[in-house]
Structure formats: C-alpha cells, structure tokens
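Q: As given, the protein sequences belong to chains A and B, one line each in that order. Residue numbering for the first sequence follows full-length UniProt numbering, beginning at 1 and increasing consecutively. Residue numbering for the second sequence follows full-length UniProt numbering, beginning at 1 and increasing consecutively.
Any given hint could be a false lead.
[Stated by the list, open to error] Residues from chain A that face chain B, not an exhaustive set, calculated with beta carbons under 7 Å: (1) Asn44; (2) Arg47; (3) Ala51; (4) Gly74; (5) His122; (6) Val126; (7) His147.
Rather than coming from a laboratory, the hints here were simulated on the basis of the structure. Owing to the predicted nature of the structure, the values given are computational and were not obtained by experimental measurement. Backbone N, C-alpha and C define an ideal beta-carbon position, used for all residues, glycine too.
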Amino acid sequence: MADSMAPTAPQDGETRRDFLQLVTGAFAAVGVGAVVWPFISSMNPARDVLALSTTEVDLTPIATGSAVTVMWRGKPVFVRNRTAEEIQVARQVPLSQLPDPATDQSRVKKDQWLVLVGVCTHLGCVPLGQKPTDPRGDYGGWFCPCHGSHYDTSGRIRKGPAPTNLLVPEYAFTSDTQIRVG
Amino acid sequence: MATGLHKSDVANPVLRWIDARLPVITLMQKEYGTFPTPRNFNYLWNFGALAMVNLLVMIATGVVLAMHYTPHVSMAFDSVERIMRDVNYGWLLRYVHANGASMFFIVVYIHIWRGLYYGSYKAPRELLWMLGVVIFLLMMATAFMGYVLPWGQMSFWGATVITNLFSAIPLVGESIVTWLWGGFSVDNPTLNRFFSLHYLLPFVIFGVVFLHVAALHITGSNNPLGIDPKGPQDTLPFHPYYTAKDSVGLVVYFIVFAVLVFFFPNMLGHADNYIPANPLVTPPHIVPEWYFLPFYAILRAIPDKLGGVLMMFGAIAVLFVLPWLDTSPIRSMRFRPVARVALFIWLLSFLVLLYCGGKPPDEPFVTISRIATLYYFAYFLVILPLLGRLERPLPLPESIAMPVLRGGGPLPAGAMSKPMEKA
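Sequences are here, hints too, so could you generate the full structure?
A: Following this line, the structure appears as structure tokens:
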C-alpha cells in the first residue's frame with residue numbers, strides 16, 4: 001500500500017507538490033489581499049470629503065498690495081493683489097536662480113492676481129505674509145515660520161527647506177472681479 | 001496525579017489545583033521569584049521595571065479618560081476642558097496621563113542609555129535590543145497621536161507637520177499623506193483614526209514588551225561589568241533582592257512624577273495647545289513635545305526635505321543595526337576608555353540636539369544642530385566600528401563575585417575561570 005502510494009518518479013511527485021503549494025499560496029495571497037483592501041481603502045477620503053466644494057472669491061475689496069485668505073478643501077488659499085513693483089521683481093529674477101524654476105507668467109492668469117494654496121510645501125505650515133504686519137521673508141513674498149522657508153512675490157521657493165513653489169490651485173475668472181477656486 | 005497535569009509544588013490545595021492545570025504560579029516563581037539575576041546591578045537597572053509600571057499607569061488613566069473624551073473636531077477641545085473642570089478628578093487623570101507620557105520617555109531614555117553604556121545590545125541580546133527599539137518606535141507613534149487628541153493649536157500643527165513628513169517619499173508621498181489624513185488636510189477623519197490608534201497601540205506595546213521580557217529571560221540580564229555570571233556565586237534570586245531594589249527606585253520615580261503632576265503640570269507642555277486648533281493660522285513657533293526634539297532638530301538640520309526625513313528616521317533605524325556596528329566584544333564601557341569618552345560626547349550631542357530642536361530654525365542653532373547630527377551618526381557608523389579594532393580595553397575582572405566581594409573568601413572551584421579574552 002505504502003509502496004503503491006509512493007511516486008514512481010520522485011521528481012514528478014515533487015513538481016506536482018510544488019505546483020499545488022504554489023496554487024494554494026497564490027489563492028491565499030489573493031484572498032488576503034481582497035480582504036485587506038477594504039480596510040486600507042476605507043482610510044482614504046470618503047465620498048462626502050471627495051465631493052469637492054468650490055470657493056468663490058470676490059476680488060473687489062482686495063486693494064492693490066493687500067491679500068485675503070479663503071478656505072478651500074480645508075486649506076487656506078492666498079489671493080494677493082500684487083503691486084506693479086512686486087510683479088516686476090518677480091519677473092526680473094533669472095530662472096537659473098530658482099530652486100524650482102517657473103516663470104511668473106506661468107503662475108498667474110492676470111498679472112496682478114496671484115492665487116496660491118497657502119500651505120508650505122515643506123511640511124504643511126501656513127506661511128506668514130498675508131497681513132501687512134507679517135514678516136514676508138527675504139524676498140518680499142511669504143515666510144514659513146516653522147522651518148524657515150522664504151517665498152518670493154510669485155510664491156516661488158527661494159531659500160529654506162521647502163522643495164517646490166507654493167502650489168497654484170485650479171481656478172478660473174468667472175468675471176473681472178470674481179474667481180472660482182476648485 | 002492524572003496524566004497531563006503539571007507537577008506543582010504549591011502548598012495551598014486550591015492554588016495547586018489551578019497551578020497543575022495552568023502553571024502560572026510556577027511560571028511566576030521561576031521568572032520573578034528564583035530567577036537568577038547578576039548580583040551587581042546598580043540603580044540604572046531599575047528602569048525596565050519603571051517603564052513597565054509607567055505603561056500600566058498610562059493604560060489605566062487612558063482608559064478612564066477615553067470615557068469622557070469626544071473625538072470630533074468641534075467637540076474634542078471642549079471635552080478635554082470639561083475633563084479638566086467638571087469631571088471628578090478629571091484634572092488629576094489628565095495631568096497624570098500627560099505628564100506620564102513625559103515620565104515614560106524620561107524612563108525609557110535612561111533605560112536606552114543604560115543599554116548603550118553597558119553594551120546590553122551585544123550578543124546574545126541583539127534581538128532583545130531590537131524589540132526594545134520597536135517598543136520605542138511604537139511609543140513615539142502613540143505619544144504623537146495622543147498629543148493630537150486635545151485638538152489645540154500644537155495638536156493640529158504637530159499633526160500637520162508630522163504627517164507631511166511622508167509627503168517627502170517620491171512618487172507616492174502625496175497619496176500616502178491623503179490616505180493618512182482621510183481627506184485633503186488634517187481634519188475630522190484624521191482625529192477619529194488617531195483616537196482609534198492611540199487606544200490600540202498601547203496594547204500592541206504591551207505585546208512587544210512581553211516578547212522583550214521573554215527574550216530577556218532567555219539570555220538573562222546584562223550587568224555593570226558586562227561579563228557573564230559564571231555560577232550561583234555571581235547571581236541572586238530576583239525576589240526579594242531586586243523586587244526590593246526596584247521598589248526603592250519606584251518610590252523615587254513616583255516622587256518625581258508627583259512633583260510634576262501636582263506642582264508643574266504644564267511645565268513640559270506648550271501654552272499654545274490651550275488655544276483651539278485653527279487650520280488658517282500656524283503658531284509662530286511650532287515645536288513638538290520635548291521628547292521628540294532631538295529628532296526634530298536632525299530633521300531641521302538637513303536643508304533638503306527628503307534628506308531631512310530620511311536622516312530623522314535613520315537616527316532611530318541605526319539603533320536596529322547597532323549590535324553589528326559595535327565590533328568590540330567588550331560590553332561595559334567601564335573597560336573601554338576611548339569608547340566611553342566617545343559615548344559621553346554622543347550623549348552631549350543628543351542633549352544639544354534636544355536643546356536646538358526647541359529653538360527657532362535660525363543661526364547659530366542650525367549650524368550647531370548640523371555638527372551634533374554629524375556626531376550622532378559618526379558615533380554609530382564610524383567611531384564604534386573602528387574602535388572595536390583600534391581600542392585597547394582595560395583588563396576585565398575574573399568574575400562578578402570577585403569585585404563585589406573585594407576578593408574576600410574563596411570561591412567554589414569552577415567559578416574561577418580564566419579572565420575573558422581581550423579584543
């Protein structure tokens with residue numbers, strides 16, 4: 001009995017056993033993955049969070065040289081009405097001097113209006129520079145107090161640990177004096 | 001006696017009945033009663049027991065605090081203030097829990113220092129040490145999430161900065177951060193999951209502590225001389241000798257703890273955390289809790305985002321491989337004149353980083369942090385591997401009993417083995 005059950009060619013038997021182990025292992029891995037995925041996925045943003053709200057901003061009260069902060073997706077958005085001098089300074093910088101090169105023109109839709117997500121690209125603090133009394137850093141834009149990143153008047157990183165420029169969100173001018181962020 | 005039962009020698013018949021079926025009494029007697037322990041422990045060997053007690057204090061106060069706490073962005077801050085003002089002894093429970101976290105890190109830092117100084121990470125205790133590093137990491141995760149729960153300004157911005165560390169990972173970083181947040185910023189889903197995990201992780205820590213202690217009871221404890229016990233003359237039963245010694249340390253520990261809780265309950269906290277969280281305003285000077293400052297200083301010392309994050313995690317990851325970086329077979333720094341000095345300078349660099357981490361990211365603190373960071377890593381990656389080959393250690397004593405008994409009294413044959421070989 002025992003003899004008849006023993007595989008005649010040991011190599012064949014090993015191959016078949018290996019195959020069965022692989023198939024069983026593969027099914028188990030797929031099964032575990034299928035069960036684990038809902039747990040992981042549930043931690044991603046829920047549908048109500050994903051239902052992106054848009055934020056309308058009225059530009060009329062923002063005087064030249066001042067800025068407002070609005071909330072969009074739980075984050076601050078900076079809307080700055082830049083002075084001619086600030087625009088000029090931002091455009092005179094050679095791109096070779098920028099850690100994350102981008103022209104000022106590529107970051108605005110209308111020269112005077114700069115719209116940025118007000119979250120430092122280093123570790124997510126809100127940079128200072130919105131209020132006239134705030135420190136604006138070495139380049140006249142924004143200064144992140146957490147780890148000392150300096151942004152210029154185009155919201156580009158100039159000095160400090162932040163790797164990229166302040167993000168420009170999706171936005172559109174719905175009229176000459178109104179924008180919709182998102 | 002029926003077969004399959006444990007042969008118990010407990011005198012009380014009821015306890016013996018239990019012990020025969022579930023030999024917990026025999027186990028405790030073996031592991032904490034007669035357990036042979038080196039006779040030359042100093043008070044630095046209190047801190048493992050103190051950490052265990054501290055974990056139990058944190059779980060006890062935390063379970064009760066959770067009965068009064070509401071994990072919702074609009075109610076969390078007020079529910080904590082309600083605990084402080086309206087809940088019976090709520091102020092006491094919260095101050096014990098908050099300062100208990102600080103005490104836990106003080107105790108564990110001293111415990112780690114003990115391991116570094118007396119070479120407790122070396123063979124055969126490598127896995128014991130690595131389990132300890134796992135516990136340390138779990139503690140940091142738990143403490144971080146616990147600090148977020150009161151939903152003050154430091155809670156919110158601490159959570160923002162720390163979760164943003166993961167955005168430094170190339171390609172998938174942003175997706176991971178969104179997944180951690182459950183949204184597009186630190187918000188209610190984040191607070192909910194942090195509360196859930198903050199309740200879970202201490203029990204995970206408890207599980208790893210069990211493995212840590214289990215591994216300890218296989219290898220036995222290290223001791224201030226760093227040489228192995230050679231026989232019964234070198235050891236004492238754990239009870240009553242070290243239960244008593246630990247109790248003395250425990251009393252001192254509770255005195256320090258009580259002084260913090262009753263006289264300086266907010267000294268180690270930050271005043272800004274009594275301001276409710278505001279996602280639009282970052283406090284001018286955000287700092288993590290004091291026990292994270294050395295690692296925070298390393299993060300800020302590196303002028304590159306990914307590099308800073310890697311160095312910060314590397315500062316702890318390097319501890320995992322420490323048993324293989326230190327090439328010297330001599331455990332105790334008492335017999336390593338050069339490494340001993342290098343280790344004290346390392347302690348200085350750690351304390352300098354702790355100080356600089358709490359300062360604004362300006363000069364001279366950035367430069368000082370860089371020098372201290374360099375030494376922190378150089379000690380592990382350059383000095384220890386080289387010293388194992390270059391250093392000439394002092395002669396080791398022949399046995400634990402010899403220096404303890406000051407050479408008095410003859411020892412049993414076999415106890416007097418050859419002096420340990422030098423490197």
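Q: All hints are to be evaluated individually against the structure, with a verdict given for each.
A: Comparing the hints with the structure gives:
1. At a threshold of 7 Å, the smallest CB-CB gap from A/Asn44 to chain B is about 5 Å, leaving the interface hint in force.
2. Checking A/Arg47 against chain B by beta carbon gives a least distance of about 12 Å; that is not within 7 Å, so the hint is violated.
3. Checking A/Ala51 against chain B: minimum C-beta separation of about 12 Å lies over 7 Å; hint violated.
4. At its closest, the beta carbon of A/Gly74 sits 4 Å from a beta carbon of chain B; the interface hint therefore holds under the 7 Å criterion.
5. A distance limit of 7 Å between C-beta atoms decides the matter here; for A/His122 the minimum to chain B is near 6 Å, and the interface restraint holds.
6. This hint holds: A/Val126 has a C-beta 4 Å from the nearest C-beta of chain B, less than the 7 Å allowed.
7. With a least beta-carbon distance of about 5 Å to chain B, the hint placing A/His147 at the interface is held under the 7 Å criterion.
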